[in-house]
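Peer 1: In the working numbering, the protein residues as written are 25 to 298.
Please note: incorrect hints may appear among the correct ones.
[Claimed, not checked] Using C-beta positions, here's what the derived DEER-type ranges look like:
hint, residue 1, residue 2, range
1, Arg280, Ser92, 43 to 49 Å
2, Val43, Ala133, 19 to 25 Å
3, Arg223, Thr129, 21 to 27 Å
4, Ala73, Met31, 27 to 33 Å
No lab work stands behind these hints: they were computed from the structure.
Beta carbons are placed, not taken as given, at the ideal position from N, Cα and C, and that holds for glycine.
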Amino acid sequence: MESLWLMITNLGRDEVFIVVLALFTWLVRPRGGRELGVAFALSYLLNSALKYGLNLPRPFTNDPSLASEAARATAGGPGLPSGHAQMSATLWLGIAAQLRSTGFTVFAAVLVAVIAASRLLLNVHYPSDVVVGLLLGVGFALLAARVHFPQAGALRWGVPAALLVVAALIPAGAPREFGTGLGLLAGFWASRPTFAPPRDWAGRLIVAVLGLVMVFAVYFALGALPQELKDMGVVRALRYAALVLVATEGVPLALRRWLPAQASAAQGAPQVVH
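Please construct the entire structure, taking both the sequences and the accompanying hints into account.
Peer 2: Given below as structure tokens:
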């Protein structure tokens with residue numbers, strides 16, 4: 025039974041978030057994907073700050089026998105709040121809040137609940153960790169649906185530049201999550217999706233397959249950098265900012281046949297899949 029819960033809990037991995045955010049941006053709502061990405065990065069940073077600031081233990085901290093080695097491998101850093109619960113809620117409920125589809129909302133809520141339950145059943149979180157994570161995730165999901173993060177004029181590149189300066193000041197040995205979160209925020213803040221989603225299923229399939237190949241090629245190529253470089257906060261931030269910009273700017277440029285530029289008058293309108 026544990027193998028099933030491990031499969032479910034792995035739906036809260038970074039790679040899954042990358043796939044879902046990319047596909048939502050390319051195939052459903054480009055501008056909504058940017059807003060969700062900014063909210064997701066903010067949620068990630070707050071989760072990291074609370075985890076390492078509070079530094080609260082996990083159930084197996086004093087008694088490793090409470091959780092298997094495989095389960096403990098899914099648990100990075102201190103306990104509260106649960107990153108799996110918070111980030112899954114931010115992503116899936118953020119999409120649901122934008123789509124406003126009853127069917128998808130039910131699916132998203134069930135998926136988030138099951139992922140959160142897996143953290144308890146694997147004995148890697150206390151109930152309080154999961155509850156706080158879920159509440160924060162719901163808050164950021166609503167933020168993604170209701171708030172437009174401005175980027176007019178100097179804001180587009182000024183904010184990311186400031187975030188990278190902060191990343192450069194991260195002391196050696198600091199948790200990797202801070203550089204990752206700052207990079208994600210910088211990338212999504214700078215991104216400006218001005219393309220329309222594909223209108224036919226063939227186009228959607230081509231974009232999904234080729235787009236993900238491009239994104240993960242960059243993801244693994246940047247992951248192959250020497251460890252001493254990857255451990256630097258600013259390098260980690262640049263890696264994730266570059267990954268986001270490849271997904272939101274590079275892929276649409278390379279696949280512009282299927283991701284055509286929007287007419288200027290329609291850029292502010294919500295995008296829907298036909």
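Peer 1: None of the hints should be skipped; say for each whether it holds.
Peer 2: A quick look at each hint next to the structure:
no.: 1; hint: Arg280 x Ser92: 43 to 49 Å; verdict: 48 Å, holds
no.: 2; hint: Val43 x Ala133: 19 to 25 Å; verdict: 20 Å, holds
no.: 3; hint: Arg223 x Thr129: 21 to 27 Å; verdict: 25 Å, holds
no.: 4; hint: Ala73 x Met31: 27 to 33 Å; verdict: 30 Å, holds
Checked against the numbered hints given earlier, this structure breaks none of them.
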